[in-house]
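J.: Residue strings, one per chain:
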Amino acid sequence: MSTTSTTATTIAPVSPFTEADLAAIRAQFPILERTVRDDQPLVYLDSGATSHSPLRVLDAERDWYLRLNAAPHRGAHALSEEGTEAYENARERIAAFIGAGADEFVFTKSATESLNLIAYAFQNSPHPLYPGSERFALREGDEVLVTELEHHANLVPWQEVTRRTGATLRWIPMGEHGLLDLTDLDSLITEKTKVVALTHVSNVLGTISPVAKIAEAAHAVGALVVLDACQSVPHLPLDVTTLGVDLLAFSGHKMLGPMGIGGLWGRADVLADMPPFLTGGSMIEQVFMDRSTYMPPPARFEAGVPAAAQAIGLAAAVAWLTEVGMERIHAHEQSLTRRFLDGFAERDWVNLLGPAGMQDRGGALAFDVPGVHAHDVGQVLDAHGVAVRVGHHCAWPLHRALGIQASARASLAVYNTPQEVDAFFAALDQVPAVFGIERS
Amino acid sequence: MDLYQELILDHSKHPRAAGLREGYVAEVHHINPTCGDEVTLRVHVDGQGDQATVSDISYDAHGCSISTASTSMLAEEVIGHTVAEALETHAAMKAMLTSKGKDPGDEEVIGDGVALAGVAKYPARVKCALLGWMAFTDALIQSGTIAQGAKA
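Protein chains in written order, with numbering that gives the first Met the number 0: chain A, 0 to 439; chain B, 0 to 151.
Since no wrong hints were added, every one of them can be taken at face value.
Simulated restraints on C-beta separations: (1) Asp183(A) x Pro32(B): 25 to 35 Å; (2) Arg162(A) x Lys99(B): 37 to 47 Å; (3) Lys99(B) x Ser334(A): 38 to 48 Å.
Since the hints were made in silico from the structure, they are not lab data.
Keep in mind that this is a model prediction, so the values were computed, not measured.
Cβ coordinates follow ideal geometry from the N, Cα and C atoms, glycine included.
Using the sequences and the accompanying hints, generate a full structural model.
T.: In structure tokens form, the structure reads like this:
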């Protein structure tokens with residue numbers, strides 16, 4: 000069986016959203032009805048930064064506070080019991096969404112925390128309580144491999160952990176069209192490599208990483224593979240059992256869920272060997288004045304009272320996504336991405352960054368208008384009610400590698416429409432006139 | 000778009016006194032971490048303290064039209080003036096930019112800077128407009144011309 004289960008080619012044909020489907024979907028996101036900047040309709044193309052939530056998510060969070068509000072895994076009263084059950088049901092549902100068991104899924108406050116949790120497991124190894132943690136230990140001569148495409152959240156923690164341990168940080172460079180350049184993969188992944196941390200889908204360019212190939216090379220030398228799946232979990236059908244990675248991080252608020260909740264999946268044997276990151280309440284087994292022992296995963300990694308309402312909100316988002324169907328969502332976003340690519344291709348005065356074709360790309364579309372700074376492009380779009388991200392999108396080294404300071408980025412979600420793509424281009428077409436550049 | 004007044008576009012396309020020149024008392028490098036805009040700015044003063052003259056501001060700016068234009072306006076308004084006057088101009092610019100649109104700016108004090116009044120309505124862009132000005136006052140501090148925590 001192919002290990003690249005997340006590319007479009009392995010997905011069975013699905014029926015696209017009809018206009019009525021899309022209208023029904025959008026009706027569940029009241030924020031999409033609001034107007035901005037002098038009563039213009041909001042055209043929200045910034046879901047890569049944060050996505051909006053359907054009413055069901057808001058209702059689930061409200062229901063938590065109305066009926067259940069109690070600290071999970073603490074106390075034996077009725078509310079605590081029901082709250083604990085709701086929290087653990089949420090874990091089960093979210094884990095199942097990515098093909099995992101509940102014991103392999105850890106709630107965090109964000110993908111950033113998930114990635115730091117992993118980096119600190121390396122930093123805190125070897126740990127006397129976990130003989131198996133030797134596999135995480137980093138020492139001088141060991142290497143950590145990342146890529147030039149990474150979001151700062153999957154780069155800076157590795158810079159810090161290598162600085163503190165004396166290990167060496169290396170990276171797979173970006174090649175042409177924003178694809179990873181695997182030419183030197185053999186010399187980048189060696190016996191020295193302890194961990195390979197990479198993004199699944201670039202948050203800037205939409206580039207889909209060849210995860211299976213890199214994971215195979217990493218596993219051949221005994222390295223662990225960490226995947227930043229922030230931009231894939233919300234947009235593709237994904238199954239952790241076929242991806243070939245060992246640990247995976249994602250964010251709740253980029254997949255229609257609340258802010259303040261994130262996820263970490265780890266293969267059971269990997270999590271079992273990992274020392275904790277944050278320590279304190281409810282992650283302990285026994286506490287004495289001079290030492291403690293810790294719970295098995297996932298509790299070992301959830302110190303403190305959890306963000307239960309947000310966890311339940313995220314489970315509601317997952318239920319909603321499942322009902323709509325990830326295959327259909329993916330197909331819908333692919334069709335909008337194609338519309339974007341066609342639109343960019345018609346305009347010589349704007350450069351699409353990253354993969355030019357549908358292959359190897361998701362629905363993050365960064366672009367550059369030569370002669371006009373991304374902030375200024377974004378300002379013109381905003382004046383027409385079109386929301387895009389501008390700047391370096393927390394991927395500064397990627398922009399440096401592209402030789403640009405900043406870019407503007409449109410990014411998609413399930414609720415976007417073809418009309419919104421057209422509205423984007425209509426607004427973009429105002430840019431040359433405002434800044435006096437030649438159009439062709 | 001009312002934000003992009005002709006004056007702003009003119010300054011951003013033809014920034015006054017741009018480029019880095021020799022003969023300076025301090026050089027600073029400032030960045031806007033949210034967008035990556037950056038400016039390397041050199042300042043030269045003749046004399047000491049408030050009454051010293053800002054004899055040159057030279058700079059290499061990479062940023063949006065707002066930050067580039069604002070740095071250009073800084074050079075235009077401040078070169079040849081005393082440090083005291085420069086700080087007064089800075090204070091007036093900052094007051095206008097952070098007024099959320101209430102302060103239209105005084106052309107007598109900030110010259111072309113009034114064209115940036117519209118920026119105050121966009122809180123996310125205020126930092127762009129202040130980048131060069133913050134670099135300038137920092138350079139005055141680095142050179143020992145004014146004390147840390149001086150006005151503006």
